[in-house]
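The listed protein sequences derive, respectively, from chains Z and S.
End of the first sequence sits at 1647 in this note's numbering; the numbers just go up one at a time, nothing left out.
End of the second sequence sits at 705 in this note's numbering; the numbers just go up one at a time, nothing left out.
If you are wondering where the hints come from, they were derived from the structure by calculation, not from laboratory data.
Treat each hint with caution, since some may be false.
With a straight-line cut-off of 27 Å between C-alpha atoms, the simulated DSS-like cross-links for lysine-lysine are [unchecked claim]:
no.	chain 1	residue 1	chain 2	residue 2
1	S	Lys579	Z	Lys1411
2	S	Lys590	S	Lys686
3	Z	Lys1347	S	Lys567
4	Z	Lys1299	S	Lys651
5	Z	Lys1196	Z	Lys1211
6	Z	Lys1071	S	Lys686
7	Z	Lys1054	Z	Lys1196
8	S	Lys682	Z	Lys1071
9	S	Lys590	S	Lys611
10	Z	Lys1366	Z	Lys1146
11	Z	Lys1142	S	Lys651
12	Z	Lys1587	S	Lys616
13	S	Lys616	Z	Lys1347
14	Z	Lys1566	Z	Lys1598
15	Z	Lys1507	S	Lys686
16	S	Lys590	Z	Lys1612
17	Z	Lys1439	S	Lys579
18	Z	Lys1591	S	Lys579
19	Z	Lys1532	Z	Lys1579
20	Z	Lys1152	S	Lys686
21	Z	Lys1093	Z	Lys1050
22	Z	Lys1092	Z	Lys1054
23	Z	Lys1440	Z	Lys1470
24	Z	Lys1587	S	Lys686
Label-pair distances were calculated between CB atoms; the ranges are [as the list claims (entries may be wrong)]:
no.	chain 1	residue 1	chain 2	residue 2	range
25	Z	Lys1619	S	Tyr581	52 to 62 Å
26	Z	Gly1506	S	Tyr581	41 to 51 Å
27	S	Tyr581	Z	Leu1070	23 to 33 Å
28	Z	Arg1640	S	Lys555	36 to 46 Å
29	Z	Asn1527	S	Glu698	50 to 60 Å
30	S	Glu698	Z	Ile1200	50 to 60 Å
31	S	Glu550	Z	Tyr1052	28 to 38 Å
Think of the CB as a built atom: it goes at the ideal place given N, C-alpha and C, for glycine as much as any other residue.
Listed below are the residues making up each chain.
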Amino acid sequence: MTISPEQLDNIALEYKKKVKIYDKVVKICCGTGCISSGSLKLYDRFKDIINLEGLATKVLVKKTGCHGLCERGPIVVFGDDEILYQSVGKRNLDEDVRLLLETIKSNKIADKLLYKGDDKTKRYVSPLDIPFYAGQNRIVLSLNGTIDPEDIDEYIQRGGYRALYKALKINTDEIIDWVQKSGLRGRGGGGFPTGAKWRSCKDAEGQPKYILANGDEGDPGAFMDRSLMEGNPHAVLEGMIIGGYAIGSNQGYIYVRDEYPLAVNRLLKAIEKAREYGFLGRNIFNSGFEFDITIFRGGGAFVCGESTALMSSIEGKAGEPRAKYVHTVEKGLWEKPSNLNNVETWACVPHIINNGWEWFASIGTQGSKGTKVFSLVGKVKNTGLIEVPMGKSLKEIIFDLGGGIQGDKKFKAVQTGGPSGGCIPAEYLEMPVDFDSLTKLGSMMGSGGMIVMDERNCMVDVARYFLTFLVEESCGKCTPCREGVRRMHEIVERICNGNGNKGDIEHLEELARAINLGSLCALGQSAPNPVLSTIKYFEDEYRAHIEDKKCPAGVCKALIKFSIIPEKCTGCTLCTHECPVKCITGEKKEAHTIDQAQCIRCGTCYDNCRFDAIKIE
Amino acid sequence: MEVDVGKLNTILNKYGGDKSYILAMFQDIQKEYRYLPKDALKYICDKLSIPFSKGYEVATFYKAISLKPRGKHTIHVCLGTACHLRGGPNILDSFERVLNVKKGDTTGDGMFTLESVNCLGACALAPLVRVDEKDFGKTTSVTVNKIISEFKDGERL
């Protein structure tokens, strides 16, 4: 089927008509986060009640993609950002469904389900007033949490596939010019200028050419690509089709992590619909241009997020990177010119085409244009996905949007860039976040994970964590990465166990240099970063472990002991219930004791005690 | 284990016998048998005309593929950065203790295989546990017992 722009208008109009008959629209977030908090059950139950009450013709209940505030899921939004209810059905499904119905029937706002301010007195009705959302500039995420990701008509009604139509009328060189001038840089890791990449691929000799989307979001702590693929899959497709046209490719691939089944599902449905509507296939919008997209599921290997490894994986081989003396834009997938961009990068493209490169370039900083989606997680109050203009400071992101540190503990560091990045300490909180400033601090943007750490997180343990991750995920091709990271891990493990020696820090730094110099792919080259950045900013913590055999944060099990301060213990018995090995005993309302022989030093009692009665030695 | 050649052929045909889809084929076979049986691996390699060693390389490179039989339910404890910071390792410890298996092993009754995973992408709900296709957010050592009993005695059997 070949679609015309008039038909596009008609579909939009039809959709509008279809929705207009409803008095109310209720959107229930069905992203992975909210689903795990029970949103599917809530959807079913609420839908049943609506039918039972005979309101099915008046109230439209729909499933949307991720709304961002995953911490407070399941999220329910009425109308266009009129009311936001949080944690709906989490404690009492029947009661909360009743409250939703009451809001529908009598416009009564359920105070209980509203988002509350820090002081517990302020209530927020519209999501637009909640600081978490108010500080954002949602462009890529604009339709996430708003549209039904499985309904192509709604995407079209919200302006979808207009950019494609517009692009197909423009000369391919001009499109690449636009992307270049917009200043768009790759959202997946290195921040390479997207337009320049497109240009090289277009100019490369050889046919066919391939368009690839990297949805192998392996950086632990980052989930924006998952949210986009699940919440607005057509935006990714539209960006890729435009890219295909500009570069001169007829075949696209989306490589999705094995751990993201819902994303695969939604993308498959979206592709099927796009084919049916003629956005994929032959003669798209009567332009003579032909394009199709295939989904490729990964196999649970972190290294496959690296461009050449990803391509090997699609070719049906083990996902090992290869040397890039010849760039993948010239010889990539099956030795043919291939243009790989991250999912979020592709989703930016329709916006640039629709609104112009000048608009995109007007957002952000000198070297980093546009907005960036970050996943704000760890010890921050409002965990979730946020989209802000490049250049917002870490402080604004963590304290204004994120609401500060959980339990009002002390901020220690924020980790960005995944296993290739580093930890940034409190003294740099004012730093504007963009590609270049993060690199300057010894970290990197990566795909946008921001993992906030507080005083209860040990930086040596964090270094050990990343090394464990990398030992497991190194593909094993290059000796410096395979063996070197393992040796670094042994040293840090030793330090955490209280057996650190003088000279360990220097030894780690030496290994780091060798790994950086001797590894083929960027993942290997950057593998020492988490260690180097923690040494750089938290050397005193390393010294405390090595010289004093102490873990100041109270994490490294071999160096700590938990005990109860009898004067402070009220005998509330909370710790006895939470203790996984049941090694805390005592009578109710009397001071408890910990059996040191049984204690596994997990710290659960310490984190749960409301009376500060547990001490770490 | 006896493998059903008919089923293998269906899977081969689904991908047009294209060897670049070997990983996808393995994933489909695993869905059927809960692991990749050796005979199935051999059969696929033969049909795709690739050496057994190449097929074995792919099967062992990717974590998603298991050459050992797995339990009825697979428990994935997420150890991504956010989960690590919010106590993921303690959750894994609890599962190991309660199920009396080590990470990577299957319980004696064949009910559970315990695995860790390096990020499931629901970091806002750390620490996360995925059992088969169901996610459990903000888990604690107390919920570990609940999760196990839900799958042991619940309607999911």
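Verification of the hints:
no.: 1; hint: Lys579/S with Lys1411/Z; in the structure: violated (38 Å)
no.: 2; hint: Lys590/S with Lys686/S; in the structure: violated (42 Å)
no.: 3; hint: Lys1347/Z with Lys567/S; in the structure: holds (9 Å)
no.: 4; hint: Lys1299/Z with Lys651/S; in the structure: violated (35 Å)
no.: 5; hint: Lys1196/Z with Lys1211/Z; in the structure: holds (18 Å)
no.: 6; hint: Lys1071/Z with Lys686/S; in the structure: holds (18 Å)
no.: 7; hint: Lys1054/Z with Lys1196/Z; in the structure: violated (33 Å)
no.: 8; hint: Lys682/S with Lys1071/Z; in the structure: holds (13 Å)
no.: 9; hint: Lys590/S with Lys611/S; in the structure: holds (19 Å)
no.: 10; hint: Lys1366/Z with Lys1146/Z; in the structure: violated (54 Å)
no.: 11; hint: Lys1142/Z with Lys651/S; in the structure: violated (41 Å)
no.: 12; hint: Lys1587/Z with Lys616/S; in the structure: violated (33 Å)
no.: 13; hint: Lys616/S with Lys1347/Z; in the structure: holds (21 Å)
no.: 14; hint: Lys1566/Z with Lys1598/Z; in the structure: violated (38 Å)
no.: 15; hint: Lys1507/Z with Lys686/S; in the structure: violated (37 Å)
no.: 16; hint: Lys590/S with Lys1612/Z; in the structure: violated (49 Å)
no.: 17; hint: Lys1439/Z with Lys579/S; in the structure: violated (45 Å)
no.: 18; hint: Lys1591/Z with Lys579/S; in the structure: violated (45 Å)
no.: 19; hint: Lys1532/Z with Lys1579/Z; in the structure: holds (12 Å)
no.: 20; hint: Lys1152/Z with Lys686/S; in the structure: holds (26 Å)
no.: 21; hint: Lys1093/Z with Lys1050/Z; in the structure: holds (18 Å)
no.: 22; hint: Lys1092/Z with Lys1054/Z; in the structure: holds (11 Å)
no.: 23; hint: Lys1440/Z with Lys1470/Z; in the structure: holds (25 Å)
no.: 24; hint: Lys1587/Z with Lys686/S; in the structure: holds (22 Å)
no.: 25; hint: Lys1619/Z with Tyr581/S: 52 to 62 Å; in the structure: holds (56 Å)
no.: 26; hint: Gly1506/Z with Tyr581/S: 41 to 51 Å; in the structure: violated (27 Å)
no.: 27; hint: Tyr581/S with Leu1070/Z: 23 to 33 Å; in the structure: holds (28 Å)
no.: 28; hint: Arg1640/Z with Lys555/S: 36 to 46 Å; in the structure: violated (56 Å)
no.: 29; hint: Asn1527/Z with Glu698/S: 50 to 60 Å; in the structure: violated (36 Å)
no.: 30; hint: Glu698/S with Ile1200/Z: 50 to 60 Å; in the structure: holds (55 Å)
no.: 31; hint: Glu550/S with Tyr1052/Z: 28 to 38 Å; in the structure: violated (55 Å)
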